[in-house]
Amino acid sequence: MSTNGAVVTASDLRRVYGEDETAVHALRGVSLEIPRGDLTAVMGPSGSGKSTLMHILAGLDQPTAGDVSIAGTNITRLGDSDLTKLRREHIGFVFQFFNLLPMLTAEENVLLPLSIAGEKPDPAFFETLLENVGLADRRTHRPSELSGGQQQRVAIARALVSRPTVVFADEPTGNLDSTTGGEILELLRRSVEEYGQTTVMVTHEPRAAAIADRVLFLADGRIVKELPRSTQHDILAALETIATT
Amino acid sequence: MTKFALKGLFGRKLRTALTALAIVLGVAMVSGTYVLTDSIDEAFDAIFNDVRQGSDAVITGRAAFDLSDGSGSEAPTLDESLLERIRELPEVQVAEGGVDSESTVLVDRDGEAIVGNAPSIGFSIADGDSPFNPLRLVSGGWPGPDEIVIDEATAEKHDFAVGDTIGVQAEGPIQEFRISGLVRFGETLSTIGDATLAGFDLETAQELYGKEGRLDEIAVASSPNVSPEQLVTAVEAVIPSAAQVRTGERQANEEASETNEFIGFLRTFLLAFAGIALFVGSFVIANSLGITIAQRTREFATVRTIGASRRQVLGSIVLESLVVGILASIVGLILGIGLASVLFTIFDAVGFTLPNTGLVFNTRTIVVAMLVGTLVTLVASLRPAIRATRVPPIAAVREGATLPESRFARFRTLGSALLTTLGFAALLFGLFAPDLDTTALLLALGFGTVCIFLGLALLSARFIRPLAGALGWPATRIGGAAGTLARDNARRNPQRTASTAAALMIGLALVTLVAVLAAGITSTFRGSVEELWADADYAVTAQNNFSPIPANVGEAMGDVSGVEAVGNVRTGDAQAFGDQFFATAVSPELGPMLNVTWVEGSDDVIQELGDDGAFVDDGYAEDHALELGSRIELTFANGDTDTYRVEGIFDPPTGGSPFGPVTISAEAWDRHNENPRDLFSFVRMEGGQTDTNQERLDEAMREFPNAKVQTREEFIDNQIGALSAVLNILYVLLALSVIVSLFGIVNTLVLTVFERTREIGMLRAIGMTRRQVRRMIRHESVITALIGGVLGIVLGVVLGALLVARIEFIDFTLPVASLIVFTIATVVVGIIAAVFPARRAARLNVLRALQYE
Ligand SMILES: Nc1ncnc2c1ncn2[C@@H]1O[C@H](COP(=O)(O)OP(=O)(O)O)[C@@H](O)[C@H]1O
Ligand SMILES: [Mg+2]
Numbered sequence: 000m001s002t003n004g005a006v007v008t009a010s011d012l013r014r015v016y017g018e019d020e021t022a023v024h025a026l027r028g029v030s031l032e033i034p035r036g037d038l039t040a041v042m043g044p045s046g047s048g049k050s051t052l053m054h055i056l057a058g059l060d061q062p063t064a065g066d067v068s069i070a071g072t073n074i075t076r077l078g079d080s081d082l083t084k085l086r087r088e089h090i091g092f093v094f095q096f097f098n099l100l101p102m103l104t105a106e107e108n109v110l111l112p113l114s115i116a117g118e119k120p121d122p123a124f125f126e127t128l129l130e131n132v133g134l135a136d137r138r139t140h141r142p143s144e145l146s147g148g149q150q151q152r153v154a155i156a157r158a159l160v161s162r163p164t165v166v167f168a169d170e171p172t173g174n175l176d177s178t179t180g181g182e183i184l185e186l187l188r189r190s191v192e193e194y195g196q197t198t199v200m201v202t203h204e205p206r207a208a209a210i211a212d213r214v215l216f217l218a219d220g221r222i223v224k225e226l227p228r229s230t231q232h233d234i235l236a237a238l239e240t241i242a243t244t
Numbered sequence: 000m001t002k003f004a005l006k007g008l009f010g011r012k013l014r015t016a017l018t019a020l021a022i023v024l025g026v027a028m029v030s031g032t033y034v035l036t037d038s039i040d041e042a043f044d045a046i047f048n049d050v051r052q053g054s055d056a057v058i059t060g061r062a063a064f065d066l067s068d069g070s071g072s073e074a075p076t077l078d079e080s081l082l083e084r085i086r087e088l089p090e091v092q093v094a095e096g097g098v099d100s101e102s103t104v105l106v107d108r109d110g111e112a113i114v115g116n117a118p119s120i121g122f123s124i125a126d127g128d129s130p131f132n133p134l135r136l137v138s139g140g141w142p143g144p145d146e147i148v149i150d151e152a153t154a155e156k157h158d159f160a161v162g163d164t165i166g167v168q169a170e171g172p173i174q175e176f177r178i179s180g181l182v183r184f185g186e187t188l189s190t191i192g193d194a195t196l197a198g199f200d201l202e203t204a205q206e207l208y209g210k211e212g213r214l215d216e217i218a219v220a221s222s223p224n225v226s227p228e229q230l231v232t233a234v235e236a237v238i239p240s241a242a243q244v245r246t247g248e249r250q251a252n253e254e255a256s257e258t259n260e261f262i263g264f265l266r267t268f269l270l271a272f273a274g275i276a277l278f279v280g281s282f283v284i285a286n287s288l289g290i291t292i293a294q295r296t297r298e299f300a301t302v303r304t305i306g307a308s309r310r311q312v313l314g315s316i317v318l319e320s321l322v323v324g325i326l327a328s329i330v331g332l333i334l335g336i337g338l339a340s341v342l343f344t345i346f347d348a349v350g351f352t353l354p355n356t357g358l359v360f361n362t363r364t365i366v367v368a369m370l371v372g373t374l375v376t377l378v379a380s381l382r383p384a385i386r387a388t389r390v391p392p393i394a395a396v397r398e399g400a401t402l403p404e405s406r407f408a409r410f411r412t413l414g415s416a417l418l419t420t421l422g423f424a425a426l427l428f429g430l431f432a433p434d435l436d437t438t439a440l441l442l443a444l445g446f447g448t449v450c451i452f453l454g455l456a457l458l459s460a461r462f463i464r465p466l467a468g469a470l471g472w473p474a475t476r477i478g479g480a481a482g483t484l485a486r487d488n489a490r491r492n493p494q495r496t497a498s499t500a501a502a503l504m505i506g507l508a509l510v511t512l513v514a515v516l517a518a519g520i521t522s523t524f525r526g527s528v529e530e531l532w533a534d535a536d537y538a539v540t541a542q543n544n545f546s547p548i549p550a551n552v553g554e555a556m557g558d559v560s561g562v563e564a565v566g567n568v569r570t571g572d573a574q575a576f577g578d579q580f581f582a583t584a585v586s587p588e589l590g591p592m593l594n595v596t597w598v599e600g601s602d603d604v605i606q607e608l609g610d611d612g613a614f615v616d617d618g619y620a621e622d623h624a625l626e627l628g629s630r631i632e633l634t635f636a637n638g639d640t641d642t643y644r645v646e647g648i649f650d651p652p653t654g655g656s657p658f659g660p661v662t663i664s665a666e667a668w669d670r671h672n673e674n675p676r677d678l679f680s681f682v683r684m685e686g687g688q689t690d691t692n693q694e695r696l697d698e699a700m701r702e703f704p705n706a707k708v709q710t711r712e713e714f715i716d717n718q719i720g721a722l723s724a725v726l727n728i729l730y731v732l733l734a735l736s737v738i739v740s741l742f743g744i745v746n747t748l749v750l751t752v753f754e755r756t757r758e759i760g761m762l763r764a765i766g767m768t769r770r771q772v773r774r775m776i777r778h779e780s781v782i783t784a785l786i787g788g789v790l791g792i793v794l795g796v797v798l799g800a801l802l803v804a805r806i807e808f809i810d811f812t813l814p815v816a817s818l819i820v821f822t823i824a825t826v827v828v829g830i831i832a833a834v835f836p837a838r839r840a841a842r843l844n845v846l847r848a849l850q851y852e
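Sequence lines, in order, name chains A and C.
Using numbering that gives the first Met the number 0, the first residue of the first sequence is number 0, and each one after it goes up by one.
Using numbering that gives the first Met the number 0, the first residue of the second sequence is number 0, and each one after it goes up by one.
No lab work stands behind these hints: they were computed from the structure.
Take these hints with a grain of salt, some might be off.
What the hints assert, rightly or not - Each pair of labels, with its calculated beta carbon distance range:
1. A:21 with C:846: 53 to 61 Å
2. C:16 with A:22: 43 to 51 Å
3. A:11 with C:409: 48 to 56 Å
4. A:192 with C:846: 39 to 47 Å
5. A:127 with C:413: 32 to 40 Å
6. C:830 with A:162: 27 to 35 Å
7. A:21 with C:412: 42 to 50 Å
8. A:231 with C:412: 33 to 41 Å
9. A:231 with C:16: 47 to 55 Å
10. C:410 with A:45: 25 to 33 Å
11. C:413 with A:11: 26 to 34 Å
Claimed, not checked - Below, computed lysine-lysine pairings styled on DSS-like, alpha-carbon distance capped at 25 Å:
12. C:156 with A:84
13. A:119 with C:12
14. C:6 with A:119
Note that beta-carbon positions come from the ideal geometry of N, C-alpha and C, so glycine has one too.
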C-alpha cells in the first residue's frame, strides 16, 4: 500500500475550534503512521485532543491544516460520496455509547454495514465472528435486552464484519464496569491477533493502553511520547511524567 | 437498509399511527366523495332508465331552448289528437299519452304540505299493465277517476293507507282524492330521495294540471322488427314543429343530464374539501416527521459512519413515508365507504335526502384515493427527509447533537415574507384584475391562498415568542407553575409550535372566511329587503322559500277580505340577445309596494309597463347598450317571440335583486306561458299587519299548503334560513380539516413528551404532581391551539374582507358572535388534543423516565 506498510498516515494535523480570542487549538501539528496489523492506543489526559485526532483520522472531521491518508488515499479533501465509499471499504467504528440501532436485533445490527453496502456476508466468517464475540446465543435479542458489555460486543462485531482496513475505537470501555471492560479489551486484542485487524483505540485508561502494540501519548494537541507494547505500570509512569512537564 | 427503514417504522408504532391519521381523514374524504357521488349517480341512472324502460321513443313538446329544472317554465304541450295519428303508424305497436308536473304537492293529515328538497312528482298512469308504467303496485289497485296512487314510503311516513282520502295541491287549490293503491318505483327503490309520487288516471291528471285535451308527452313502443331509430324517423314525419321525438334511451339521458351536472358539481365541491383536509394533513405529516427525524439524529449519523450514503438515508425515509402513505391510504379508502354513509345521513339531516340504491365502489375510487394519499405523504416527507441527509456522521459521537439547520435557514424569514406577499399579490390580482376568465381567477385565488398559508406557517415561527407570551398569559394565571412551564415549553421550539399551529390556522381561516361571507350576505340581504319593501304587509312564497308557485295562489289572495292589493313577481326561463336567463314579470299593483331605485325612467314604470314595456337592471343595460326606448326581443319557452321597449333601468340593491335582468308585465308574460308561476306575491291589507289579517290570509292559504304567508321579518328570516343550511354543510366539511389539525397537535405533544421524558421525570422527582404534569401539557396544547386559532381568525377576516370587497352584492360585516364561538372552539380543540398525551406524560414511571435515553 503505502510506505513501510502503514495503512493510515497523518502529517502535521492541526485543528482549531472557533475563531480569534475564543479559538481552541485542539491539535497543534500531529504526524503519525499506523502500521498494518497493529493495535495502536492513543493516550492522554482529558482535553488533550485524542477524540479530535481520531475523528480526523477516520474522516469524520476535517483538519484545519495537514493531511490524512488511508490505504493510500488522501481523505482530507474527499467529497461526501467518496468518503462514504471509504467508510464502507476501509473503516470500522466502535463507539463509547455503542450506537446500536434499537429496532434491529443483534444479528441485524452486525450485518447492517454489509446490507448498506449491498454485500452478502460470508456465512462461515460471520458464524465464527458471532462465536468469537460471544453472541451466538443472543443473535435475536434487541439492544434494550442486552447488557452494556453485550451491546459493545455487538458493536465490535459490526465494526469487524466488513473486514475494514482499520477499526477506530473511541473509549470503548468508557461506559462499562471494569470486569466487562476487561472482556471487551480482550476481544479487541483477539481481533488483532486472529484477523490481523489494524486498530486505533483512544483511551485514557492505562489498563486499556496496555493491550496495545504501541502507545502514543498526546498532550495539549501534540504527540509527546511513544511507547512500544508496555505494562500498565510503565504507561501510568509515562502519563505522570507528561502531566508534570 | 430497507429493514432499517421498515423496522424503525414498526418500532415506533404509536408515532407512525398518529402520523398516518393525518392523511387517513383526507383520503377517506376523497374515497367517500367518490363512493357517495357514484352511488347517487347510479341511483339516478337507475331511476331515469326505469322511467323510460318500456319506451322505444318519446314525443315531447319542443321548448325554444334548454329549460332549467324548477325555473317555473315548462315545454309547450301537445294536442291530444296527435296520439291517434301516432297510433296509426305501422311502425307503432303501442302509444300512450301522459301529463306530469313537478309541483304536485301532497297534503298530510294536519293540512301541511309534504315537501322536502326533492320534487313532488305527479303524473298520469295510462294503464297499470302498460309497458310504459315504471311503477309497481304494492297494495290496492290502479287509480280511476278521483283516485290516486302514492308511493309506499310517503304513505308510511305520513300514516296513509289504501282507501284513505288525501289532499293534493297542483295548479289550483287543494283537491281530495281517494287512495286506490300504494306503489313502488322500479325494482329496487322504495323512494327517490325524499321525492313524493302521485299517480292519476289521464283525465284526472289533465284536469288537475289545467291541461285538458293536452299532453306533455307520448310514449311509443315499436312494432316487431322496427328499430328505435326507424321508429323515430317514422314519427318525425307526422309530428308538428312544436314537438320532438327521441329514442327512449336518448330521452332518459336527456332527462338525466341536469342531474348528472349536479352530481358533477357535488363531486367537485366535496373533493375541494378533501383537498383542504389533505393540505392540512400534509402540514401535520411534515411536522411530525420533522420532529421524529430530529429525535433520530444520532441514529442517522450512526448509519452514516458505517457506510450509508446520503441517498440511502433519503431513501430510507422516503420508503418509510411511502409505507405510511400506502397504509394510511388503504385505511382511508375503507373509512371512506363509512364516510359515504355518514354523508348520506348528514345530507338527509339537513333536509337534502339523496336516492340510494347501495354504495358503489369503482376502481377509479381506489386508484385516485391511493395515489393522492401516497403522493401527499411523500411530498410532505421530502423536506424533513432532505434535512436528515444533512446529518453529518460526526453527530454519532457528539452528545446532544441536533439536526443541522437547512442551508437556507438564513433566508427563512425573508423567504417566507416574500412567499406571503406573493400570495397576497396573486390573490389581489385574481380578485381585482379586470376580465379574468373563471379558470384564471380560480387558479390565482387558489395559488394565492396556498402561498399565504405556506408563507405564514413559516413566518409565524418568528412571532411565536410574543404570541405564546400573550396567549399564554391566562395559563400562567390559572395554571401556576405548570402554566408558566407550559408557556415556556410552547416557546422552546418556535418552528415546531408554528408548524403545529399552522395546520389549525388553515382550518380556522377558512371557517372564518365562510362566517365573514355569511355575515355579509345576511346583513346586506336584510338591508336590501328593508330598503326595498315599501307599501306591503305580507309576502307569499313556496314553503321551501324558492320554488315558483302556481299563479292562482296570488289570484286567490286577491279575494281575501281586507286585501287591498296583490303584487306578483312571475318567473321563468327566457332568452334575449342569444343568452338564456331567469326573466321576471310583474303585476302593476307591485309598483307602490317596492322601493326600486330608478336610474332611468319614472317611478311609475311598474304600473305603466303595459303590453310591450320592459325594464332592465343597469348592468344588463350596460352589457347590451340599452337605453330608454331600446328594443329587446324576448323568446319564451314555448317558442313565442315578442319585442319589448325599455321603459326603465334600475339599480339593483346590494343584497340581491327581486327581478331578473329583464322584466315585463305579468299580463304580457301570461300570454306566452301556459302555467305561469310566481316567485313572490306581496299583499297589502287594510289595517296593515294585524292578527286578524294574518288569520284571514292563513285561512285562505289552507287551500294552498305549498305556499306560506310571511311578514317582512319572517320573509327575511326564511330567506336567510336557506343560506344557513348551506353554511352548516360548509362548517361540517371544514370541521374535517380542523380535526386533522387536532391530530397534528396530538402528534406534536406525544412526540414532545417522548423527547422530554427525562425532564418530566426530573420534574416529578422534585415534587410535581401527576395533575400538574397533565395541566402543563394541557396548557401547552391550548396555547398552541390558540396561536393557530388567532392567526387563522385574523387571516380569515382579512381574506373575507378582500373577497367581500370584490363581490358587489355583499358588504363587509364582522361576525363577532361567530368569532367568539370559534375562539372557544379553539380552546376546546386544545383541551381535547391534550387528553391522550397528558395522560401518557402523567403515567411516566419517575425512575424509568430519569434513566430514559
Ligand atoms: N466541537 C468542539 N467545539 C469546540 N471545541 C471543542 C470541540 N470538540 C473538542 N473541543 C475542544 O478541543 C479540545 C480537545 O478535545 P477532545 O479532542 O475532545 O479531547 P479528549 O478526547 O482528549 O478529551 C478540548 O479543549 C475541547 O474543549
Ligand atoms: Mg474524548
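So, going through the hints one by one against the coordinates:
1. Distance hint check for residue 21 (chain A) and residue 846 (chain C): the Cβ-Cβ separation is about 40 Å, which falls outside the suggested range of 53 to 61 Å.
2. For the pair residue 16 (chain C) and residue 22 (chain A), the supplied restraint of 43 to 51 Å holds, since their beta-carbon distance comes to about 49 Å.
3. As the Cβ distance of residue 11 (chain A) to residue 409 (chain C) is approximately 34 Å, the hint placing it in 48 to 56 Å is violated.
4. Hint check: residue 192 (chain A) to residue 846 (chain C), Cβ distance near 43 Å, so the stated range 39 to 47 Å holds.
5. A beta carbon spacing of about 59 Å between residue 127 (chain A) and residue 413 (chain C) contradicts the range 32 to 40 Å that was offered as a hint.
6. Taken as a hint, the range 27 to 35 Å is violated for the pair residue 830 (chain C) and residue 162 (chain A), whose Cβ atoms sit roughly 58 Å apart.
7. A beta carbon spacing of about 27 Å between residue 21 (chain A) and residue 412 (chain C) contradicts the range 42 to 50 Å that was offered as a hint.
8. Remark: the range hint 33 to 41 Å for residue 231 (chain A) to residue 412 (chain C) is contradicted by a beta-carbon distance near 58 Å.
9. A C-beta distance of roughly 54 Å is found between residue 231 (chain A) and residue 16 (chain C), which places it inside the suggested range of 47 to 55 Å.
10. At about 40 Å, the CB distance of residue 410 (chain C) to residue 45 (chain A) disagrees with the hint of 25 to 33 Å.
11. Range check, residue 413 (chain C) to residue 11 (chain A): Cβ separation about 42 Å, and the 26 to 34 Å hint is violated.
12. Only pairs whose Cα atoms come within 25 Å are accepted, and residue 156 (chain C) paired with residue 84 (chain A) is rejected, the gap being roughly 77 Å.
13. With a CA separation close to 30 Å, the supplied pair residue 119 (chain A) and residue 12 (chain C) exceeds the 25 Å bound.
14. Distance restraint check for residue 6 (chain C) and residue 119 (chain A): the Cα-Cα separation of roughly 20 Å lies within the 25 Å cut-off, and the hinted pair is therefore satisfied.
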